[in-house]
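Model the full structure from these sequences, guided by the hints.
These protein sequences, in sequence, are chains A and B. Residue numbers 1 to 416, in this note's numbering, belong to the letters of the first sequence in order. Residue numbers 1001 to 1448, in this note's numbering, belong to the letters of the second sequence in order.
Derived by calculation from the structure, the hints in this document are not laboratory data. Where hints are given, some of them may not hold.
Computed cross-link-like contacts, PhoX-like style, restricted to lysine-lysine with a CA-CA straight-line distance of at most 20 Å [what the hints assert, rightly or not]:
id : chain 1 : residue 1 : chain 2 : residue 2
1  : B       : 1160      : B       : 1290
2  : A       : 81        : B       : 1125
3  : B       : 1037      : A       : 315
4  : B       : 1194      : B       : 1107
5  : A       : 390       : A       : 283
6  : B       : 1214      : A       : 414
7  : B       : 1103      : B       : 1144
8  : B       : 1144      : B       : 1022
9  : B       : 1318      : B       : 1257
10 : B       : 1276      : A       : 312
11 : B       : 1076      : A       : 105
12 : B       : 1214      : B       : 1199
13 : B       : 1257      : A       : 82
14 : B       : 1107      : B       : 1118
15 : B       : 1105      : B       : 1276
16 : B       : 1199      : B       : 1128
17 : B       : 1217      : A       : 414
18 : A       : 153       : A       : 105
19 : B       : 1118      : A       : 78
20 : B       : 1217      : B       : 1386
21 : B       : 1214      : A       : 105
22 : A       : 303       : A       : 82
23 : A       : 62        : B       : 1069
24 : B       : 1118      : A       : 81
25 : B       : 1103      : B       : 1276
26 : B       : 1105      : B       : 1194
27 : B       : 1116      : A       : 75
28 : B       : 1037      : A       : 75
29 : B       : 1426      : A       : 174
30 : A       : 201       : B       : 1405
31 : B       : 1118      : A       : 82
32 : A       : 166       : A       : 123
33 : A       : 166       : B       : 1257
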Amino acid sequence: MHELIERALKYVDEVEISRARTSSKEFKMLLNSFEVFEAGSYEAFTLRIINKGHIGFSYFEKAEQFSEALRRAIKLSKFSKKINPHFPERQRYRKVKVYHNSLEKADEHFVESLSDAVSVFDKGPVRHIQSRLSLSFSENEIVNSNGLEMKRKESLLSFLSSANSKGMTLYDVKSSRKLFDMRAFSKEVRKRTMIMRNAKKLVGDFNLILSADVIETLFDYFLLPAVNGKAVFENRSPLAGQLGRKIASESLNLIEEPLIDYRPSSSFADDEGVPCKRKFLIKEGLLNTFLFNIETAAETSEKTTGNGFKYKFSKPPGIGLTNLLCESNEVQDIPSKAVLIKSIMGLHNANRSSGDFSIQLREAYILNKGEIGRGVISSEWRGNFFDILKQVNLVEMYEVGSYYQGPLWQIKGKLL
Amino acid sequence: MFDFSPSILNADVDYIEFRASKILSNSISVKNARLEKVSSDTAEDFCFRVMVDGAWGMASSNRFDKIDKIKKEAIKMAKLAKKRTLESFLSEEKTHTDSVEAKVKVKNEDIPIDRKIKDLIEMNKEMKIDKRIVNYSLQLSELKTEKYFINSESTEIFLKQQDTLLSFSSYAKAGILQSSHDVFGAQKGYELVKENWGKGRRNAEKSISLLYAKRIKPGSYDVVLDGKMAGVLAHEAVGHASEADAVLTGESCFSGKLGKRLASELVSIVDNPRLKYQYGSYPYDDEGVKSSKTSIIEKGILKTYLHSRETAYKLNSKSTANARAQHTNRFQLVRMSNTYFDVGDFSRDEIFDLKHGIYLEGSSGGVVDVSTGDFQFAAELGKTIKNGEETGLLRDVVIHGNILKVLQKVDALGKKIYLNPGICGKGSQLVRVSSGGPLVRIRGVNLA
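Take a look at the structure:
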């Protein structure tokens, strides 16, 4: 890669090359039978150049295609705005564990684990629909002409389990950097399906408690795009002009924490090689920061916040987040009667600009004195995300989701 | 053009297929009447799917220098799967040797990039209709796809197509912020740009309208759906429930309902991959089966499910050529193509002849739980109908209900079909589709 950097520097001011190598396996069971087993192995590169203040990007799949990729990046840079960005210099990174050799076991081991996990559905009224075990290993490397060298080796295990009873299908997914008990996860799905098989629609005003999964879904849809520094700069964000202002309940502290071992979203650096740092997004209800990558920071005269993550390797970095922690000293008791919402559907219909939504409960439970009771399904929940933020109470129920970790959120809400 | 020897399929297996694709994608973004970004990239990959003793294995890569190794990996996967596989086969279908290039009027590559940028900036300028528009953008996306398929049954297909997509977005501010997003796409070339000149202004007008629109009082209403909303109902509620993989597992609320009445007799719903220029069209599916029009619901009766060769074999049917994969590296799933309500014979005036109702226009998407049949779709804009006339504006109107009940309440369909491009997600795979229909009137449905 260093040789390629030297070649490119004859034509441009700064260069960055990223390489990704991935190998993946997926084992599936449908009903009681193995479905297709899949394997994949890929290698690819991206090239970014800065020339006279303009940035250019190209994707290529073989080292031999570098010259063509360079020509393309130079050509495309001429069509980009002059924003005078710079690639980072050599960085010192803190450590976080994102690879575990427990996932290096033979294929047969995972096939057995899959069979074992599915066997929990062998008896009883809950029918297995599908389970999917996915393994992936990746090695990412970033080198730039300013001396940065970053290598990241990651492992990931994801397990999906879905089951059906009385015409109600429930599914859930769990991911981790290391091996976990998939049988226990399947048992949990079976237990929840048993409750949900008799679920009914609920109508009226309730204390609603949002699970980690629902908090993540709402955060991804409304808050992450709204704190994207570029959207703010371009007046596309409903939070433009709100920095330092109260946008949430005073008990709410939302913190990005990149360095939690073995969490799927943990990372010591973003996809531009910039170290990821712990930071408050919301501090005691006040909006604390917007998020930037190198390009959007240069465009808006800000500094990168280490949030330049790629949605897809073949594309330039956008804005992403690692883990989201919620910390507070003001955590309240669980209300004696409430509805715990585990999963929602239809959020992609909601209005990001206003925060208005009308979504359907896919999986929810009545909570009586903190104990899970009857299932709730098909109720319509209408509200506004930015209003929810202002009225959130944190309650004594903690969950670790795929990237949210902390107490669950309680709000007053209307179910239709 | 791909050039592989048929010996690529040599292997001691029951069935083997090889797929390869090359995708060139270009895009140009303009924002606030200035060039924002130009991007271009090419991706190539391939896969083998093999069957050994009724068990499937698949392996994919972009390393064309390792084709043999990847083939061995696919066989290894199938052998691993055969330990606990109920034998799976493929329905018998006609074999084909064919090469098809979809024709366009103006090839995207024939237009110089400077000209495209100039055109887009001109189109974008039209969106700044007044100072309430605080951000306005337009993106042209071009996709050129080459696909190769060969299997051990002597089917060999080469496909080449061009897709073009224009996406308009505008943000309006007057105290509150509202936005509008419109996408126009087809298997067309640069002619799509000319055909949609002026649509940006309409997009910006919609954003401004939304600033003054109110939310609806939740309740039961008589509604008229425009073509886009009707398409979401056809695709999300009927199409997904009729996909045979969901039927096979017993997940779909359409399971066991073939030949039964699911809708009013005015309703016919079709999946048709053979429509010219449409975003979800294809001449052969990703199992090499020649595509054809499928009537899912005919005069209210469920006539067939949508099939791949595998689901067709298991349900003793024939493939409807609905096996599609997002990329070469993914397994084919049962997917829709262009799905729509067929026409009725009501005029617009007859359909709008309501004392009090709601007209739902444009779609912000939809979702259905195929097991329960519960669905939820959002309209971009709603309009109150009073005595047949459109009056007040409504925003963020969501229609929700259960498909098995709502389709029975359709009492009028218009005469002209409108199809809308979209991206459909299932099993972590996205495919290009279109959906639509004429104006559809439904009595007494829940809006929130």
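Against the structure, the hints come out as follows:
The hinted pair formed by residue 1160 (chain B) and residue 1290 (chain B) meets the criterion: a straight-line CA distance of about 15 Å does not exceed 20 Å. Restraint check for residue 81 (chain A) and residue 1125 (chain B): satisfied, since their Cα atoms lie roughly 18 Å apart, inside the 20 Å limit. Between residue 1037 (chain B) and residue 315 (chain A) the alpha-carbon distance is near 13 Å, which keeps this suggested pair within the 20 Å criterion. At most 20 Å may separate the alpha-carbon atoms for a hinted pair to count; residue 1194 (chain B) and residue 1107 (chain B) meet this at roughly 13 Å.
A threshold of 20 Å between alpha carbons decides the hint, and for residue 390 (chain A) with residue 283 (chain A) the separation of about 13 Å falls inside it, so the pair holds. In summary, the hint linking residue 1214 (chain B) to residue 414 (chain A) is supported, as the alpha carbons are separated by about 19 Å, within the 20 Å threshold. Between the alpha carbons of residue 1103 (chain B) and residue 1144 (chain B) the distance comes to roughly 12 Å, so the proposed pair stays at or under 20 Å and holds. Distance restraint check for residue 1144 (chain B) and residue 1022 (chain B): the Cα-Cα separation of roughly 8 Å lies within the 20 Å cut-off, and the hinted pair is therefore satisfied.
Only pairs whose Cα atoms come within 20 Å are accepted, and residue 1318 (chain B) paired with residue 1257 (chain B) is accepted, the gap being roughly 18 Å. For the hint pairing residue 1276 (chain B) with residue 312 (chain A), the CA-to-CA distance comes to about 31 Å; that exceeds 20 Å, so the pair is violated. Of the supplied pair hints, the one linking residue 1076 (chain B) and residue 105 (chain A) holds, its CA atoms being roughly 16 Å apart against a limit of 20 Å. Among the hinted pairs, residue 1214 (chain B) with residue 1199 (chain B) is inconsistent with the structure: their alpha-carbon atoms are about 24 Å apart, more than 20 Å.
Taken as a hint, the residue 1257 (chain B) and residue 82 (chain A) pair is broken in the structure, with Cα atoms around 61 Å apart against an allowance of 20 Å. A hinted pair counts as satisfied when its Cα atoms are at most 20 Å apart, and residue 1107 (chain B) with residue 1118 (chain B) qualifies at roughly 17 Å. Straight-line distance between C-alpha atoms of residue 1105 (chain B) and residue 1276 (chain B) comes to about 13 Å, which keeps the hinted pair within the 20 Å bound. As the CA atoms of residue 1199 (chain B) and residue 1128 (chain B) are separated by approximately 12 Å, the hinted pair is consistent with the 20 Å bound.
About 13 Å separates the Cα atoms of residue 1217 (chain B) and residue 414 (chain A), which keeps this hinted pair within 20 Å; it holds. At most 20 Å may separate the alpha-carbon atoms for a hinted pair to count; residue 153 (chain A) and residue 105 (chain A) meet this at roughly 17 Å. The hinted pair formed by residue 1118 (chain B) and residue 78 (chain A) meets the criterion: a straight-line CA distance of about 15 Å does not exceed 20 Å. Of the pairs offered as hints, the one joining residue 1217 (chain B) and residue 1386 (chain B) holds, with about 16 Å between alpha carbons and a cut-off of 20 Å not exceeded.
The straight-line distance between the Cα atoms of residue 1214 (chain B) and residue 105 (chain A) is roughly 58 Å, outside the 20 Å bound, and the hint therefore fails. For the hint linking residue 303 (chain A) to residue 82 (chain A), the alpha-carbon distance of about 17 Å falls within 20 Å, and the restraint holds. For a cut-off of 20 Å, the pair hint linking residue 62 (chain A) to residue 1069 (chain B) stands: about 18 Å separates their Cα positions. Simply put, residue 1118 (chain B) and residue 81 (chain A) have alpha-carbon atoms about 16 Å apart, close enough for the 20 Å limit, and the pair holds.
Restraint check for residue 1103 (chain B) and residue 1276 (chain B): the C-alpha separation of about 9 Å stays at or below 20 Å, so the hint holds. Pair hint residue 1105 (chain B) plus residue 1194 (chain B) holds up; C-alpha atoms about 11 Å apart against a cutoff of 20 Å. In summary, the hint linking residue 1116 (chain B) to residue 75 (chain A) is supported, as the alpha carbons are separated by about 15 Å, within the 20 Å threshold. Note on residue 1037 (chain B) and residue 75 (chain A): the hinted pairing holds, with a Cα-Cα distance of about 12 Å set against a maximum of 20 Å.
Taking the CA atoms of residue 1426 (chain B) and residue 174 (chain A), the gap is near 18 Å; set against the 20 Å cutoff, the hint holds. Under the criterion of a C-alpha separation no larger than 20 Å, the hint pairing residue 201 (chain A) with residue 1405 (chain B) is consistent with the structure, at around 16 Å. The suggested pairing of residue 1118 (chain B) with residue 82 (chain A) holds, with an alpha-carbon distance near 19 Å, which does not exceed 20 Å. At roughly 15 Å between alpha-carbon atoms, residue 166 (chain A) and residue 123 (chain A) fall within 20 Å of each other, so this suggested pair holds.
For the hint pairing residue 166 (chain A) with residue 1257 (chain B), the CA-to-CA distance comes to about 16 Å; that is within 20 Å, so the pair holds.
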